[in-house]
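Student: Whole structure, please, built from the sequences with the hints as guidance.
Below, each chain spelled out in residue letters.
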Amino acid sequence: MLSKFLRAPAALAAIAFSTLASADYAVDILPPVTPVSREIYDLHFGILWVCVAIFFVVFGAMFWSIFKHRKSVGAKAAQFHENTTIEIIWTIVPFVILIGMAYPATKTVLDMKDASNADISVKVTAYQWKWEYDYQQDGVKFLSHLSTPRDQIEEYGKPGAKKNENYLLEVDQPMVVPVGKKVRLLITSNDVIHGWYVPQLGVNQYGIPGFIKDAWFTIEKAGTYRGQCSQICGKEHGYMPIVVQALEPDKYAAWVKDMKAKMPAEQPAAAAPPPTDAGGSATAGATGASQAGATGAAQKVASAAPATAADGKSTYDKTCMACHSTGAAGAPKLGDKAAWAPRLKQGMAALHAAALKGKGAMPPKGGNTGLPDDAVKAAVDYMAAAAK
Amino acid sequence: MSASTHSHDHGHGHDHGHGQAHEHHGPPAGFTRWMYTTNHKDIGTMYLWFSCFMFFLGGSMAMVIRLELFQPGLQFVDPQLFNSLTTIHGLVMIFGAIMPAFVGFANWLVPLQVGAADMAFPRMNNWSFWLLIPAAILLVGSFLAPGGAIASGWTLYPPLSVQQGMSMDMTIFAIHIMGASSIMGSINIITTILNMRAPGMTLMKMPLFVWTWLITAYLLIAVMPVLAGSVTMLLTDRHFGTSFFNAAGGGDPTMFLHIFWFFGHPEVYIMILPAFGIVSQILPAFARKPLFGYASMVYATASIAILSFIVWGHHMFTVGMPAAGNLFFMYATMLIAVPTGVKIFNWISTMWKGSMTFETPMLFAIGFLCLFTIGGFSGLVLAIVPVDITLHNTYYVVAHFHYVLVSGALFAIIGGVYFWLPKWSGRMYNEGLGKLHFWLSMIGFNVLFFPQHFLGLAGMPRRIPDYALQFSEWNMWSSIGGFIFGLSQFIFLFNVIATVRGGKPAEQKQWEGADSLEWTHLPTPMPYHTFETAPVIK
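Chains X and P, in that order, are what the protein sequence lines are. Taking the working numbering, the leading residue of the first sequence gets 941, the next gets one more, and so forth. Taking the working numbering, the leading residue of the second sequence gets 9, the next gets one more, and so forth.
One or more of the hints may lead you astray.
[As the list claims (entries may be wrong)] When the alpha-carbon atoms are kept at most 20 angstroms apart in a straight line, the in silico SDA-like pairs for lysine to any residue are as follows:
{"id": "1", "chain 1": "X", "residue 1": "Lys1098", "chain 2": "P", "residue 2": "Leu477"}
{"id": "2", "chain 1": "X", "residue 1": "Lys1011", "chain 2": "X", "residue 2": "His1021"}
{"id": "3", "chain 1": "X", "residue 1": "Lys1103", "chain 2": "X", "residue 2": "Tyr965"}
{"id": "4", "chain 1": "X", "residue 1": "Lys1098", "chain 2": "P", "residue 2": "Val72"}
{"id": "5", "chain 1": "X", "residue 1": "Lys1273", "chain 2": "P", "residue 2": "Trp135"}
{"id": "6", "chain 1": "X", "residue 1": "Lys1016", "chain 2": "P", "residue 2": "Phe366"}
{"id": "7", "chain 1": "P", "residue 1": "Lys49", "chain 2": "P", "residue 2": "Met192"}
{"id": "8", "chain 1": "X", "residue 1": "Lys1299", "chain 2": "P", "residue 2": "Gly249"}
{"id": "9", "chain 1": "X", "residue 1": "Lys1197", "chain 2": "X", "residue 2": "Val1119"}
{"id": "10", "chain 1": "X", "residue 1": "Lys1016", "chain 2": "P", "residue 2": "Leu82"}
{"id": "11", "chain 1": "X", "residue 1": "Lys1098", "chain 2": "P", "residue 2": "Leu82"}
{"id": "12", "chain 1": "X", "residue 1": "Lys1299", "chain 2": "P", "residue 2": "Lys512"}
{"id": "13", "chain 1": "P", "residue 1": "Lys512", "chain 2": "P", "residue 2": "Met436"}
{"id": "14", "chain 1": "X", "residue 1": "Lys1273", "chain 2": "X", "residue 2": "Leu1296"}
For the record, the hints were derived by calculation from the structure and aren't laboratory data.
Tutor: Structural data, given as structure tokens:
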């Protein structure tokens, strides 16, 4: 018993040693790649150095006093307790320093807010727990999910699989943008508040359900830039990364062409309704779209299976697994016969209805309201089969 | 009973006004003493023990959080439970640990320092303490509700908070009850300070601790109803079909953020102003020199309190307010640095040319001064809108507010306990253990939170149970620091219990430089009832 009690700290210590000894320690803001993020970088360092200077003055005085004015070295206490001149000075001087800081910051704030004259506009919709990118001019629309396999993440009582280099910061379908073009983001959410945050782009903007907020960036250097959802949005908040890939304009054009070629095949009856809320210069929705499409089907774009042949397992993997694999918020686990038995007794129709309308902590359609009803039912059937 | 006691020559023998038959100074024995007590000392003690319990409870949640974050991957808790732990850790520490601790200090010290016999409304005082118990049970007990405790973050932003299970309703009721308790406590404190000061104790003669609490109490009365209103709107959105925060019904989730932070920012100062007061008592006592700039301290405290009402938007720079809104809140926030700087400069000038000794309370006060200043710097960095946008909701923010709330508020509370424990209990704590506690806390704290600045700068979001590999090293250091800091608090607990149960007798004026009424006018150990005859302040 005692040895077991001691083994856990010893194991932690061993892990600690191996991690901390081979460390590369980042202590800085990531390298900026847009004009705005460079301004932020410079602002931060400017302020940091001012703070460091004040730090040395303040701490210098304090520690001088601590070492010189101690009773043990025979210091006698003076009895002064005010000095109007010095009190006025130390009110005015910080004020002047603050004005010096506020001036460049104000300039950057105004820059950041100026999303006008963008070259391309992309509507970004946050879902629990994935992102949707809708290219307003180019008619490309797709979802972007975490692509790190579950077996690298879950290590409950067992070692996980070897983690990828970009563990938790990798997606199945990155957002692709052209280098050197001003990209305007129209950010919103389908369910709760999320935050679209990519540090190197200098963008961190909440997506708020029912409202569209804009932000912009112009990437100067081709490359892949990674970020995460910044606002707690539920269980999988830590698992909705953002990957932005900046390509040279010709490669971007090729990517758009490629994506468009894929879209009609995968989305036979879908049409993205032309966004009227964005105020952007939106052209048509998806190419060759018929008017009959449901918005739900549109959201299946670029995923493996067409919506009409919804496969229960793939829906489960994308939407249901977040809770039903671990039993979060009281969700019955996949394959947990005891938990499913009373539910199965209610009959499949009741289970389908519960999944569609939501039950207890579970939101309608597991929070993914874009799913077609059939896909939800198929996922329920899949889970039910696993529990029989 | 408030003013009448002042005219009596002998306190005992006259009607106490609270219906107790005992003629002597001793309290009744047993549980009913605590259940029915109207004595400010007993109630202060209960507040402090309650706070201590909640501190260890909230701290144990933090330990689980740091254990999960020790390395990437999920090893111990699932993400839902992780989110519940961060949420309840925040609520427990704010409403259960820091705030009740300060009310405990106010109960003990306000009557003693203004020369009053007790608080103005002793029965309400009892009630405001006992309300905390059901509130705490609702809040912490919500872990047992279906679906577990709320996992929306302590800020309760809708629509996520609308999605939560019934634990959200329990939390809302807990907040209502704690709010009622805080408001009653505040009314009591304000009335005591304004009406029950001893003859000659003018406002500008009051110890700074009393001043900071007077201002804090006004802040509480101003903002607790705002919080109650916002969570009530959540409640009706959840159950009664309203759409305050639902765009589909004509509402706006952003409105909740505005209302919440209109409460939330003054709340930040509610948790730090009494700490300023405590430190302003401790530093002069050990420098053996009067507080520098007493009047400017009072004005600075009042300025901070007033400014606290116009800076709430700095929690919301990523919401997408217009540029003018962001700029207004940035300027107002930066302005707070001025009075805060004045306080820091005053404290250092108090130490300057003093004759200092470094007993445990002084160590914690100096620790406060050093680390709160660092928290102030990171606050200034975060005030700058563009920088805030890139750091918002990252570990940089977590580091910042733990520097001001742990090494700020909590260090002041711990320093204050060491400072007044000899007076309260009549017994002296173990100085060696106190110093050990200080140094372990100081080292553990900095190893815990300083690396979080780097994590935030590198872009690690807060409230995530698992993280990308480049964050591994600093997270591990942070966890190691967390375990040191957490474990070292047991030294404190042991020291306090050992002191109360059998410490060496303390002197009336245990600290050479202490000069407020409880040290100069009252014996150690203190009688159960004090200042039944008001002292006359020259």
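Student: Confirm or reject each hint.
Tutor: Hints and how they fare:
1. With a CA separation close to 19 angstroms, the supplied pair Lys1098/X and Leu477/P stays within the 20 angstroms bound.
2. Of the supplied pair hints, the one linking Lys1011/X and His1021/X holds, its CA atoms being roughly 19 angstroms apart against a limit of 20 angstroms.
3. Proposed proximity of Lys1103/X and Tyr965/X is supported: the alpha carbons are some 19 angstroms apart, at most 20 angstroms.
4. At most 20 angstroms may separate the alpha-carbon atoms for a hinted pair to count; Lys1098/X and Val72/P meet this at roughly 18 angstroms.
5. A C-alpha spacing of about 45 angstroms is found between Lys1273/X and Trp135/P, which places the hinted pair above 20 angstroms, so the restraint is violated.
6. This hinted pair checks out: Lys1016/X and Phe366/P have alpha carbons roughly 15 angstroms apart, not beyond 20 angstroms.
7. At roughly 17 angstroms between alpha-carbon atoms, Lys49/P and Met192/P fall within 20 angstroms of each other, so this suggested pair holds.
8. For the given pair, Lys1299/X sits about 17 angstroms from Gly249/P by alpha-carbon distance, which is consistent with the 20 angstroms threshold.
9. Between the alpha carbons of Lys1197/X and Val1119/X the distance comes to roughly 17 angstroms, so the proposed pair stays at or under 20 angstroms and holds.
10. Between Lys1016/X and Leu82/P the alpha-carbon distance is near 58 angstroms, which puts this suggested pair outside the 20 angstroms criterion.
11. Restraint check for Lys1098/X and Leu82/P: satisfied, since their Cα atoms lie roughly 10 angstroms apart, inside the 20 angstroms limit.
12. The hinted pair formed by Lys1299/X and Lys512/P fails the criterion: a straight-line CA distance of about 61 angstroms is larger than 20 angstroms.
13. For a cut-off of 20 angstroms, the pair hint linking Lys512/P to Met436/P stands: about 5 angstroms separates their Cα positions.
14. With a CA separation close to 18 angstroms, the supplied pair Lys1273/X and Leu1296/X stays within the 20 angstroms bound.
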